[in-house]
Amino acid sequence: QQPVQSPQAVILREGEDAVINCSSSKALYSVHWYRQKHGEAPVFLMILLKGGEQKGHEKISASFNEKKQQSSLYLTASQLSYSGTYFCGTGSNFGNEKLTFGTGTRLTIIP
Amino acid sequence: EPEVTQTPSHQVTQMGQEVILRCVPISNHLYFYWYRQILGQKVEFLVSFYNNEISEKSEIFDDQFSVERPDGSNFTLKIRSTKLEDSAMYFCAEGGGYEQYFGPGTRLTVT
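Each protein sequence line maps, in turn, to chains A and B. Counting in the working numbering, the final residue of the first sequence is number 111, and the numbers go up one at a time with none missing. Counting in the working numbering, the final residue of the second sequence is number 1111, and the numbers go up one at a time with none missing.
Just so you know, these hints were derived from the structure itself, not from any lab. The beta-carbon is built from N, C-alpha and C at its ideal position, and this holds for glycine as well. There may be inaccurate statements among the hints.
As the list claims (entries may be wrong) - Label pairs and their in silico Cβ distance ranges:
id, chain 1, residue 1, chain 2, residue 2, range
1, B, 1055, A, 63, 43 to 49 Å
2, B, 1085, A, 63, 22 to 28 Å
3, B, 1097, A, 79, 27 to 33 Å
4, B, 1041, A, 61, 45 to 51 Å
5, B, 1056, A, 6, 25 to 31 Å
6, A, 80, B, 1073, 34 to 40 Å
7, A, 12, B, 1039, 36 to 42 Å
8, B, 1076, A, 39, 36 to 42 Å
9, A, 13, B, 1018, 25 to 31 Å
10, B, 1069, A, 39, 40 to 46 Å
11, B, 1068, A, 110, 45 to 51 Å
As the list claims (entries may be wrong) - For lysine-lysine, the following PhoX-like pairs were computed, each having C-alpha atoms within a straight-line distance of at most 25 Å:
id, chain 1, residue 1, chain 2, residue 2
12, A, 50, B, 1078
13, B, 1078, B, 1042
14, B, 1042, A, 26
15, A, 68, B, 1057
16, B, 1042, A, 37
17, A, 26, B, 1078
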């Protein structure tokens, strides 16, 4: 079953913060976050593993709540370059296996 | 981040024709994947490939699809008799641990 993302779309002004959520009805072992710009390939942002630490770099970070089977992506002080569709993908605990992607969250940053 | 290349970038074909999509990984990763994305929708897993064998395939990957690694480097996805609903972006990805890195994709248009 595919993970569910919320919100489906969000519009922010440059400098504002955003939170994108990804939840699953199945136990999560790994959550992969990607950003895709229109007409381009998904670009890997980060991965969170069960039992692992919260990840982050620069102004993009993510958390993984194993009990709630949820992950959240945090974008702080958003920049115009953050615009795109964000997908979470869930994987197994074995690694190297297929990713099941959510339906995506379209983020639009306006000046 | 590994750079996967894919050819062609765009393929237009008539319904019923065979197409071959190519992927050239540029790394020592051992795991390869094909995903597809119908316009405006989420990314869907097709098949994973390890050690020159299919390791997992989805219900989408029926008998009209096949994958090969004919020369040990290039990695191909063949669709034997294309249908209108095969129109999509096809991405190959490679991975060596948990991360998966996507190629730029091939846009397949079936008319």
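Evaluated hints:
1. Residue 1055 of chain B and residue 63 of chain A have their C-beta atoms about 30 Å apart, which leaves the hinted 43 to 49 Å range violated.
2. For residue 1085 of chain B paired with residue 63 of chain A, a C-beta distance near 38 Å fails the hint of 22 to 28 Å.
3. Taking the beta carbon of each, residue 1097 of chain B and residue 79 of chain A are about 29 Å apart, inside 27 to 33 Å as hinted.
4. The hint said 45 to 51 Å for the Cβ distance between residue 1041 of chain B and residue 61 of chain A, and at roughly 27 Å that hint is violated.
5. Separation of residue 1056 of chain B from residue 6 of chain A is about 28 Å and conforms to the stated range, judged on CB atoms against 25 to 31 Å.
6. For residue 80 of chain A paired with residue 1073 of chain B, a C-beta distance near 38 Å keeps the hint of 34 to 40 Å intact.
7. Here the CB-CB span from residue 12 of chain A to residue 1039 of chain B is close to 25 Å, at odds with the stated 36 to 42 Å.
8. The hint said 36 to 42 Å for the Cβ distance between residue 1076 of chain B and residue 39 of chain A, and at roughly 23 Å that hint is violated.
9. In this structure the hint that residue 13 of chain A and residue 1018 of chain B lie 25 to 31 Å apart at CB is violated, the actual value being about 49 Å.
10. For the pair residue 1069 of chain B and residue 39 of chain A, the beta carbons lie near 28 Å from each other, so the given range of 40 to 46 Å is not met.
11. Checked against the given bound of 45 to 51 Å, the beta carbons of residue 1068 of chain B and residue 110 of chain A, roughly 46 Å apart, stay inside it.
12. A distance of roughly 36 Å separates the Cα atoms of residue 50 of chain A and residue 1078 of chain B; the hinted pair therefore is violated under the 25 Å criterion.
13. A C-alpha spacing of about 22 Å is found between residue 1078 of chain B and residue 1042 of chain B, which places the hinted pair at or below 25 Å, so the restraint holds.
14. A threshold of 25 Å between alpha carbons decides the hint, and for residue 1042 of chain B with residue 26 of chain A the separation of about 19 Å falls inside it, so the pair holds.
15. Pair hint residue 68 of chain A plus residue 1057 of chain B does not hold up; C-alpha atoms about 29 Å apart against a cutoff of 25 Å.
16. Distance hint between residue 1042 of chain B and residue 37 of chain A is fulfilled; the C-alpha atoms sit about 13 Å from each other, no more than 25 Å.
17. This hinted pair does not check out: residue 26 of chain A and residue 1078 of chain B have alpha carbons roughly 32 Å apart, beyond 25 Å.
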